[in-house]
Amino acid sequence: MLNLHEHEEVVLVIHKHWFVMARTLAVFFILVIIPPIILTLLPLFTQGLDQRIVQPMANFFLALYIMILFLFLFLTWMDMYLDMWIITNERIIDVEQQGLFRRQMSEIPIKHVQDVTIEIKGVIETFLKFGTIRIQTAGEREFKIEYAPNLYEAKDLILRCARNDKL
Amino acid sequence: MFLATFGIFIIFSLVFGFFSAAIIYHLKQYTLPKNPAPKIVVSSFLFLAGIFWLFALTFLFKIP
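Protein chains in written order, with this note's numbering: chain A, 1 to 167; chain B, 1001 to 1064.
Hints are computed from structural coordinates only; laboratory data are not their basis.
None of the hints are false.
BS3-like mimics (lysine-lysine), calculated; alpha carbons at most 30 Å apart, straight line:
hint	chain 1	residue 1	chain 2	residue 2
1	B	Lys1034	A	Lys111
2	B	Lys1028	A	Lys144
3	A	Lys111	A	Lys144
4	B	Lys1034	A	Lys155
5	A	Lys129	B	Lys1039
Only a predicted model underlies this, so the values are computations on that prediction, with no experimental measurement involved.
This is chain A alone, in the form it adopts within the complex:
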């Protein structure tokens, strides 16, 4: 996946902060809790129907529903995990995974980095210490790392790499 040049070393790999996954987990738990509640109330709504059919069918579809939720959780985790920024002593590589069948990779030479800005917005980002890192480069597009943890360390490291071109 990643072909490093000769004498190139990975200095830092930035994945999104765990809070991104925590949001999805909260939705997952809410979606898991709802069907058993409906299932408990099911006999009230299906009094005229044959319970020998309704009960196993309800349980069968509940099992499939939970499998779909697991798949959704797994897919979201993969998306989050494969979204990463790889900082080497020569370049910054932005890998963006968008769902299953779309993947984008872009890179900038570390020498072209002119300025690194960090942005922490809101209460959650302040308390959990994550935010956005913006990297300005000479004449190229801006690089943005969203939901990045350890902002200050990452910023210092990128600037040190840009100035010295080695660590």
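Model the placement of chain B on the given structure of chain A, informed by the hints.
Quick look at chain B alone, frame taken from chain A:
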């Protein structure tokens, strides 16, 4: 009733298997080396999905 549900189960299993395999392929292909997290997550997912697949199968055979 059983035959219709069995058909749904087969189609569901195929689609589920396809997406699971695609996700596992992506993780295997694009994960950086020496990183244990994907292995743990993949094992947990397969274990949990397997359990619920067996549950579904059990309930399927209870449908008359």
